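2 protein chains.
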Amino acid sequence: VTARELGIRPLAGLAEVREGDQLGRLVAGVASPAADEIVVLSQKVVSKSEGRLRKLADVRPGERAIELAASMGKDPALIELILSESREVVRAERDVLITETNQGRVCANAGIDSSNLDAGWVALLPLDADASARRIRAEIAGASGSSPAVIVADSFGRAWRLGQTDIAIGCAGIAPIDDWRGRRDQRGRELAATAIAVADEIAAAADLSRSKDSGVPGAVVAGLGHLVNADDGPGAQALRRPVADDLFR
Amino acid sequence: VTARELGIRPLAGLAEVREGDQLGRLVAGVASPAADEIVVLSQKVVSKSEGRLRKLADVRPGERAIELAASMGKDPALIELILSESREVVRAERDVLITETNQGRVCANAGIDSSNLDAGWVALLPLDADASARRIRAEIAGASGSSPAVIVADSFGRAWRLGQTDIAIGCAGIAPIDDWRGRRDQRGRELAATAIAVADEIAAAADLSRSKDSGVPGAVVAGLGHLVNADDGPGAQALRRPVADDLFR
Chain A
58 VTARELGIRP LAGLAEVREG DQLGRLVAGV ASPAADEIVV LSQKVVSKSE
108 GRLRKLADVR PGERAIELAA SMGKDPALIE LILSESREVV RAERDVLITE
158 TNQGRVCANA GIDSSNLDAG WVALLPLDAD ASARRIRAEI AGASGSSPAV
208 IVADSFGRAW RLGQTDIAIG CAGIAPIDDW RGRRDQRGRE LAATAIAVAD
258 EIAAAADLSR SKDSGVPGAV VAGLGHLVNA DDGPGAQALR RPVADDLFR
Chain B
58 VTARELGIRP LAGLAEVREG DQLGRLVAGV ASPAADEIVV LSQKVVSKSE
108 GRLRKLADVR PGERAIELAA SMGKDPALIE LILSESREVV RAERDVLITE
158 TNQGRVCANA GIDSSNLDAG WVALLPLDAD ASARRIRAEI AGASGSSPAV
208 IVADSFGRAW RLGQTDIAIG CAGIAPIDDW RGRRDQRGRE LAATAIAVAD
258 EIAAAADLSR SKDSGVPGAV VAGLGHLVNA DDGPGAQALR RPVADDLFR
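Keeping their order, the protein sequence lines are chains A and B. Numbered by our numbering, the letters in the first sequence go through residues 58 to 306 in order. Numbered by our numbering, the letters in the second sequence go through residues 58 to 306 in order.
Because the hints were derived from the structure by calculation, they are not lab data. Note that the structure is a prediction, hence the values are computed from the model and not measured. Do not rely on the hints blindly, as some may be mistaken.
Each pair may be met inside one copy or between any two copies, as identical chains are not told apart.
As the list claims (entries may be wrong) - Restricting the straight-line Cα-Cα distance to at most 25 Å, the calculated cross-link-like pairs of lysine to any residue (SDA-like) are: (1) 112 <-> 133; (2) 112 <-> 94; (3) 131 <-> 79; (4) 131 <-> 295; (5) 112 <-> 246; (6) 112 <-> 282; (7) 112 <-> 64; (8) 131 <-> 288; (9) 131 <-> 149; (10) 131 <-> 61; (11) 112 <-> 78; (12) 131 <-> 76; (13) 131 <-> 75; (14) 131 <-> 191; (15) 112 <-> 70; (16) 112 <-> 185; (17) 112 <-> 232; (18) 112 <-> 291; (19) 112 <-> 86.
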C-alpha cells in the first residue's frame with residue numbers, strides 16, 4: 058500500500074467516565090471499532106478512569122515547591138504535584154516548568170492540567186500510559202471480539218515552535234515508529250533518515266476531530282490497518298529519545 | 058462545531074513536476090479540492106516546481122563547510138548548501154546539524170534532503186513557503202474557481218522524541234494556531250494554555266495517507282471547513298517561537 062484514504066470519526070456519546078470504569082468496554086459500546094482501526098483516547102479520560110485526579114487543597118507543598126512556586130508565580134500545590142511526578146527538572150524559567158516525568162517523558166508541568174475538571178482539581182498522567190493502552194485494548198477485545206490498536210494522546214509543546222500538537226504517550230497494537238531507514242525510495246536509492254513517528258501523527262490527526270470544549274474524549278481512525286498489529290508492541294516509550302542522544306537537555 | 062468527521066484522500070495521479078509548473082493548476086486538475094477543504098503538499102514537490110533543486114557536484118564548498126564536514130563525516134558540498142541556507146548554527150554535534158534557516162525556521166540540515174531525487178541532487182526548501190502556499194492557492198482558484206486552504210508540509214525532528222512528524226512550513230487560507238486561551242472549557246472555566254498548532258496537526262494527518270516511496274506529493278483533507286478562511290492569513294511563520302521566548306537555543 059503506498060497511498061490510502063483515511064477516515065477519522067469522533068468518539069461521541071461516551072458517558073462521564075469515573076474511576077474504575079472499564080474505558081475499553083465503554084468505547085466498544087459507543088464506537089464498535091473494527092480490528093483494523095485505531096482508537097485514540099485523550100490522556101484526560103484515561104487518567105479519570107484510573108483515579109489520577111487530585112484535589113489541590115489536599116496537597117501539602119514541600120519547601121522546594123514553595124520556593125519554586127514563588128519564583129514562578131504559580132500555585133505551590135501544583136508545583137508540589139509536578140515535582141512529585143518528576144525525576145528531573147529540565148528547565149524552570151519564567152513561567153515554564155519542563156521536567157522529565159517519573160515515566161521518562163520530557164514535557165511541561167509533568168503533563169498535569171486542570172481543563173475540563175471541577176474547580177480545584179487537576180489530572181495527573183497515567184502511571185504507565187503504555188500499560189493503559191494495553192489494558193484498554195484488551196477491554197475492547199473482551200467486549201467486542203476485535204482488537205483495534207489503541208493510542209493514549211496528550212498535547213505537547215515543542216521547542217522552537219508555538220502551539221501544541223497531540224502526541225502519543227501510550228500505545229498498543231501499533232509500532233509507534235514506521236522506520237524507512239535502509240528501505241528504498243521511488244528511485245531505488247536508500248533512504249537515509251526517515252523514521253516516521255506515526256503514533257504521534259495519528260494522535261495529532263485525531264485531535265483535529267474534536268474541540269477542547271466538546272467533552273469528546275477521542276476518535277477512531279480508519280484506513281491505517283497496515284499499521285495495526287496483533288502484538289501490542291513496544292509502546293510509546295519507544296518514542297523517547299535516549300538522554301545520551303539528546304542535544305537539548 | 059465541537060466534533061466532526063474527517064476524510065483524507067491522497068493526491069494521486071499528479072505527473073512528475075518540473076521547474077516552472079503551476080503546481081496549483083496541476084492539483085486542481087487531479088483532485089478538484091472544494092472551497093472548504095485543505096490541500097497539503099510536500100515541500101519536495103513545491104521545491105521542484107520552484108527550481109530549488111541543486112546538483113552537489115556544482116557546489117564549491119568554502120573553508121568553514123570543509124572543516125565542519127570533516128568533523129561530522131559529511132559531504133562538504135551538502136554542508137556548504139546547509140550553511141548558505143542558514144543564518145545561525147544552533148547545534149553541530151555528532152552527525153546532527155541544526156540551524157536556523159534564512160527564513161527563520163530551526164530544523165536539521167536546513168531542511169535539505171535527497172530522497173526521491175536523481176543521484177547527486179538535493180532539494181532546498183522553498184525561499185518563502187508561505188508565499189508558495191499563497192501562490193498555489195491562487196493557482197487553484199484560477200483553475201477551478203474554489204479557494205481551498207493550502208499547507209506546505211515538511212518532516213521535522215523533535216527534541217526529546219525519536220522519529221519525525223510532518224509540520225506546516227507554509228500555509229494560506231488557514232490560521233495556523235487555533236487559540237483557545239481565554240475561551241472556556243466544558244465547565245465554563247477559562248482555558249489557560251491551549252493554543253493548538255492545527256496547521257502542524259493537519260500536515261501530520263496528511264502524511265499518514267502516503268508512503269515515502271509512493272511519489273504521492275500530498276493529500277486533500279475534508280471536514281475542517283471551519284478552519285478555512287477567505288483571507289490567506291499570517292502563514293506558518295506565525296508558528297515560529299520568538300528567539301526571546303525560546304529556552305532551547
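inquiry  = Within, between, both or neither: how does the pair residue 112, residue 185 come out at a Cα-Cα threshold of 25 Å?
reply    = Classified as within; 21 Å inside a copy, 48 Å across copies.
query = Between residue 131 and residue 61, at a C-alpha cutoff of 25 Å, which is it: within one copy, between copies, both, or neither?
reply = For residue 131 and residue 61, the Cα distance exceeds 25 Å both inside one copy (47 Å) and across copies (36 Å).
task = If the cutoff is 25 Å on CA atoms, where do residue 112 and residue 94 land: within, between, both or neither? Let me know, please.
result = neither (36 Å within a copy, 43 Å between copies)
ask   = Should residue 131 paired with residue 149 be assigned to within, between, both, or neither, using CA atoms and 25 Å as the limit?
value = Close inside one copy (12 Å), not across copies (36 Å); limit 25 Å.
key: Homo-oligomer pair classification [residue 295, residue 131; C-alpha up to 25 Å]   = neither (33 Å within a copy, 28 Å between copies)
query = For the identical chains here, do residue 112 and residue 78 meet the 25 Å Cα criterion within one copy, between copies, both, or neither?
reply = within (20 Å within a copy, 60 Å between copies)
inquiry  = I want to check one pair: residue 112 and residue 86. Are their C-alpha atoms no more than 25 Å apart within a copy, between two copies, both, or neither?
reply    = neither (30 Å within a copy, 57 Å between copies)
task = Since the copies are identical, ignore which copy is meant and state whether residue 112 and residue 133 lie within 25 Å (CA to CA) inside a copy, between copies, both or neither.
result = Within. Shortest intra-copy distance 13 Å satisfies the 25 Å Cα cut-off; inter-copy 58 Å does not.
query = Between residue 131 and residue 79, at a C-alpha cutoff of 25 Å, which is it: within one copy, between copies, both, or neither?
reply = neither (35 Å within a copy, 53 Å between copies)
request  = Can you give me the call for residue 112 and residue 64, within, between, both or neither, at a CA distance of at most 25 Å?
outcome  = neither (38 Å within a copy, 40 Å between copies)
query = At most 25 Å between C-alpha atoms: does residue 131 with residue 288 qualify within a copy, between copies, both, or neither?
reply = Cα proximity of residue 131 and residue 288: none, with 43 Å in one copy and 38 Å across.
task = Pop the pair residue 131 and residue 191 into one bin, within, between, both or neither, using alpha-carbon distances up to 25 Å.
result = Neither: 35 Å inside a copy, 42 Å across copies.
Hints 2, 3, 4, 6, 7, 8, 10, 12, 13, 14, 15, 17, 18 and 19, counting from the list given before, are not met by this structure.
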